[in-house]
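Trainee: Residue numbers (this note's numbering), protein chains in the order written: chain A, 1 to 270; chain B, 1001 to 1309.
Just so you know, these hints were derived from the structure itself, not from any lab. Heads up, the beta-carbon is just placed ideally off N, CA and C, and yes, glycines get one too. Treat each hint with caution, since some may be false.
To be verified - Which chain B residues face chain A? A few, computed with CB under 7 Å, are given here: (1) TYR1031; (2) SER1036; (3) PRO1040; (4) PHE1055; (5) ALA1062.
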Amino acid sequence: MAEHHPAQGGARGAGDRVPTVIADELHIVYRVNGAKSGKGSATAALSRIVKRGSGDSARGVRKVHAVRGVSFVAHKGEAIGLIGSNGSGKSTLLRAIAGLLPAERGKVYTDGQPSLLGVNAALMNDLTGERNVILGGLAMGMSREEIKERYQDIVDFSGINEKGDFITLPMRTYSSGMAARLRFSIAAAKDHDVLMIDEALATGDRKFQTRSEERIRELRKEAGTVFLVSHNNKSIRDTCDRVLWLERGELRMDGPTDEVLKEYEKFTGK
Amino acid sequence: MSETTHDGGVALGAASPPDEGLPAARLAAKYGLSVSGARPPLREYVRQLWGRRHFILAFSQAKLTAQYSQAKLGQVWQVATPLLNAAVYYFIFGVILKANKGLGHDTYIPFLVTGVFVFTFTQSSVMAGVRAISGNLGLVRALHFPRASLPISFALQQLQQLLFSMIVVFVITTAFGSYPSLSWLLIVPALALQFLFNSGLALILARLGAKTPDLAQLMPFVLRTWMYASGVMFSISGMLAGKPEWVTRLMQANPAAIYMDLIRFALIDGYGAANLPPHVWALAVAWAVVVFAGGFVFFWKAEERYGRG
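Using the sequences and the hints, build the whole thing.
Mentor: The following block contains the structure:
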């Protein structure tokens, strides 16, 4: 916890406040099959099927209302932190902004295609690091040429090859730290209009953390708007100039980083 | 982080933009923002999908490689698995049950092996299709791409698997006296049509399976019934000799039977055109085009809803 990077918020003039993301009374509901009332027996399941047509609740589908009526406008050049306790709907909100989770009610308007920083789901542990770099890049929508161009940068940035030729080994042979570093390096290789980062800062050793924080600042400069979900108030303070505080799926507070964090710290009793 | 006494007023809505008071929809329209996660028009969707062709191919190859990467023999299993399958089927149907009604021994074994592999192609495409969305929710919820990439990629993976199996088929066919000839080239259009048909089925089942994951439990029974009705282990015309002709024709119009018979006809000398129904190529094309186009549109219609769950 040595260096402190001041938030780079004041650089923009107030004149060119172009909205890039608009959330309008957004509601997100998850439906969970077979989680009703603990009765998992076959007869209970059958009677639920028979009761079909009498609505979701009768069929044993439980609804989880994860985001309740959130509205905000994000502008070009802003770095917005999302805070709140576990299960408050932060990650869900990010996915909804990215258009990955359909909204129950309300709408999200965006400029271009916002993307989540992360390719974990596309990578395969049984493949070599090399093939995962290519697969991950393609999954994020990069072209083969772009990947070829950036391949060496990705490998160098991850530092996988610092201790020998590990990139040609399957990813399942990596230590968890190494795998996390490679995943971050692949994900951070692409430029985004609207970039969303979900607790990505906490990966790898101290040296890699510093390097990835630097890379995120770079991405931030290139990207129009950045969203960052983190439980680390310091990294929020370092990167963000505005914070949205979610609690139980509701927007509790929206304002400059210092003000919101102060209230949040009061709330969590720190 | 210790200034807890100071009462900082809750600043809602931070700084007031010049557009304040404008309703969200109007504000979005003013700056040209679009609804996130909306379904693109069909033509645009096809264009996006084409843009992802490298991903579709790489994903299918990765899945195929990952399958045997833990085994000591590695990719040898790509060929060894179908070979062992063929041996088991020969032992059960050729030696024990003697199901080779209407076919000579030298015809029956390549007939059986071809049938098993070609049907497996459709079967595993369908099974992979059911789980294409529901089994990859992590991917669907993390990255943006036309969702049709997944079922098509899985069908492509099965096609590559089949190409490995075809090596075994070529060896067995030749061993039983049907030597390579020009007619072998007919398997290219036949397999291409079957791939289209399988992709269409995978797309249909991917949408159904995304909403009702229970289909993954039900499908094996449906597929086994389909297999026994398609003449994988027996010749339809041989088995139904003496029954009214329309029954045979109806059984032979089954798409799985059509693609199997086309490939057997192409490869096996003893399996002549008499075993094929009339207009067999027209039927093969019709099944492929109708099921693929229908499946594609059916899948696209729910594009924005995948990932909810």
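Trainee: Holds or violated: is there a CB of chain A closer than 7 Å to the CB of SER1036/B?
Mentor: Interface hint status for SER1036/B: holds (4 Å vs cutoff 7 Å).
Trainee: Can the hint on PHE1055/B be confirmed by a CB-to-CB distance to chain A that is less than 7 Å?
Mentor: 4 Å, holds
Trainee: So, as I understand it, the hint says ALA1062/B touches chain A; can you test that by seeing if any CB pair is closer than 7 Å?
Mentor: Holds, about 5 Å.
Trainee: Answer holds if the nearest beta-carbon of chain A is closer than 7 Å to that of TYR1031/B; otherwise answer violated.
Mentor: 5 Å, holds
Trainee: Close enough to count: is the Cβ of PRO1040/B nearer than 7 Å to one in chain A?
Mentor: 11 Å, violated
When each numbered hint is compared with the structure, a violation occurs for hint 3 only.
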